[in-house]
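Enquirer: Spelled out from the first residue to the last, the chains are:
Protein chains: 2
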Amino acid sequence: MKKLKRNERVAGIMYILTTKPNYVFSYRYFCELFDVKKSSISGDISIIKELVEKIEIGTIETITGSGGGVKFAPKVQKEKTKYFLEQLCKDLSEPNRIISGGFIYMLDILYSPHIVKELGIIFANEFMDKGIDYVVTIETKGIPIALMTAEILNVPLVIIRKNIKVTEGSTVNINYISGSTKIIQTMSLSRKALREMSKVLIIDDFMKGGGTVRGIYEMMEEFNVEVAGTGVLISTMSPEKKLVNNYTSLMILKDVDEENRKIDLISNFEYLNHIKKN
Amino acid sequence: MKKLKRNERVAGIMYILTTKPNYVFSYRYFCELFDVKKSSISGDISIIKELVEKIEIGTIETITGSGGGVKFAPKVQKEKTKYFLEQLCKDLSEPNRIISGGFIYMLDILYSPHIVKELGIIFANEFMDKGIDYVVTIETKGIPIALMTAEILNVPLVIIRKNIKVTEGSTVNINYISGSTKIIQTMSLSRKALREMSKVLIIDDFMKGGGTVRGIYEMMEEFNVEVAGTGVLISTMSPEKKLVNNYTSLMILKDVDEENRKIDLISNFEYLNHIKKN
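Here the protein sequences line up with chains A and B, keeping their order. Just remember that our numbering sits 2 ahead of the position in the first sequence, which is counted from 1. Just remember that our numbering sits 2 ahead of the position in the second sequence, which is counted from 1.
Incorrect hints may appear among the rest.
Treat identical chains as interchangeable: a pair holds within one or across any two.
Cross-link-like lysine-lysine pairs, in silico, DSSO-like; alpha carbons within 30 Å at most [unchecked claim]:
id, residue 1, residue 2
1, K194, K84
2, K40, K51
3, K39, K80
4, K82, K40
5, K5, K84
6, K194, K92
7, K73, K201
8, K194, K264
9, K132, K56
10, K92, K80
It is worth saying that the hints were derived from the structure and are not from the lab. All figures in this text were calculated on a predicted structure; none of them were measured in a lab.
Based on the provided sequences and hints, a complete structural model is requested.
Expert: Quick look at the structure:
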């Protein structure tokens, strides 16, 4: 690579750090890439450290010792998150989203890369200090949010299937009753998918009774891993008592009034842990 | 926001542009964000333009006229892509990946955020000049690659379901025969999912006979949209004649020899369009 000027190098390092959140890059990596001394890289990192805090996109963390280096941890801005979730509630409450049966059409939101990226950053912030090893979801609609959360946390994604697929080798199967359908279903996960004794974060798009997430908890027990957190985009207000106790939902669905074409969906912003802590 | 020094502003703009690839930001947006004149932003953009080309991560494109502005289009480096695909072939050819039935375990690869991001950049480069409006995939294993491709192209993702879900409103259903299973299956897609007359890019993880992708083609006809390209991660060497003609695969699976525990998988690097063009 051609030799860079200092402001170019700063922008280059900024690019590398921010496009791989929570990934630890060694100083040596940057020294070799830009062909400069460690002291120059240290100076660059100081500038970037100050900058990311000024423009409020996260923090630069330095890890000392062998295997040490530097990483970028994205943080959400309080006001921006509040506004984002309120806008999303407003958008999802449009009357023409109501589908017969009292459901809400939200695939355009759940599959929009920019929106799920933002949701991923919010969930990642919520669980960043839990030592998560995997993000676990169940197909299909929660996959994009889960993948983005995994990308930000720099951990692998694991997808539980609803139908056994021969192409994934031997699987663990769990029967569960989904709150929405009241039908007994089977979820399966390849035996190779998770390392024992690791910590997982469960991410899903929607929770009513909590039957599906309860099923995932049982599945995780089979794999001998710990559920360190559960995040859902929307949980329903009723039933108040879910089959799982510990979860974070970004929005609460109070009511879908099919007759009067009215959706009552509110942001759960003020109950987010990382918002309360800041 | 606090007033920034020039090198800080350059790094800040670099961050904003590169974290939303192919998204057009107006100059006014940056002027207001950083509270500086347009001439300053123009100067910053010039520095960034030169820089992204120097460090070979893409190009900065300026769009003139109303609705104009500036965007970052990521580009893959030839040598890096070659190495990446060769390493991936090597990793996927590990004998312990063989599952009885002649299948290959590859979920860890297909669900790794960093790997699917890289694959998304490769696919996006391949089809960047086709005027893609949507990336379309079919559940489940191809979703992460498809989402990342959609993110880079800055278009929505559309996921075709294999089971009809009542929660998505009225759907279009197509029967198809998957080459791998030889069983008649049904794929469904919500009527609201695609705008008429738009252009789509189909992304999937694996192609044998091409029955699934052929089914997606039929589905797209029902929606009156044009298939502007098809990208698959792996296609099998046999059958040589697939049910679709026009597709780009990143790797070719020549053979899985279960008895001798040998996988013969090769990179298709030299046949990629954007590699040939450069």
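Enquirer: Please go over all the hints and tell whether each is borne out by the structure.
Expert: A quick look at each hint next to the structure:
In this assembly of identical chains, the alpha carbons of K194 and K84 lie at most 30 Å apart only when taken from different copies (29 Å versus 39 Å within one copy). When the C-alpha separation of K40 and K51 is checked against a cutoff of 30 Å, the pair qualifies both within a copy, at 16 Å, and between copies, at 26 Å. Proximity of K39 to K80 under the C-alpha cut-off of 30 Å is restricted to the inter-copy arrangement: shortest distance 28 Å between copies versus 38 Å within a copy. For the identical chains of this complex, K82 and K40 are inter-copy neighbours only, at 25 Å across copies versus 36 Å inside a copy, given an alpha-carbon limit of 30 Å.
In this assembly of identical chains, the alpha carbons of K5 and K84 lie at most 30 Å apart only when taken from different copies (24 Å versus 43 Å within one copy). For the homomeric pair K194 and K92, the shortest alpha-carbon distance between copies (19 Å) is at most 30 Å, but the shortest distance inside one copy (41 Å) is not. For a Cα distance limit of 30 Å, the shortest separation of K73 from K201 inside one copy, 21 Å, qualifies, whereas the shortest one across copies, 39 Å, does not. For the homomeric pair K194 and K264, the shortest alpha-carbon distance between copies (20 Å) is at most 30 Å, but the shortest distance inside one copy (45 Å) is not.
Taking the closest pair of Cα atoms, K132 and K56 come within 30 Å of each other only inside a single copy of the chain (26 Å); across copies the shortest separation is 39 Å, beyond that limit. In the homo-oligomer, the alpha carbons of K92 and K80 lie at most 30 Å apart inside one protomer (18 Å), although the nearest pairing across protomers, at 45 Å, exceeds that limit.
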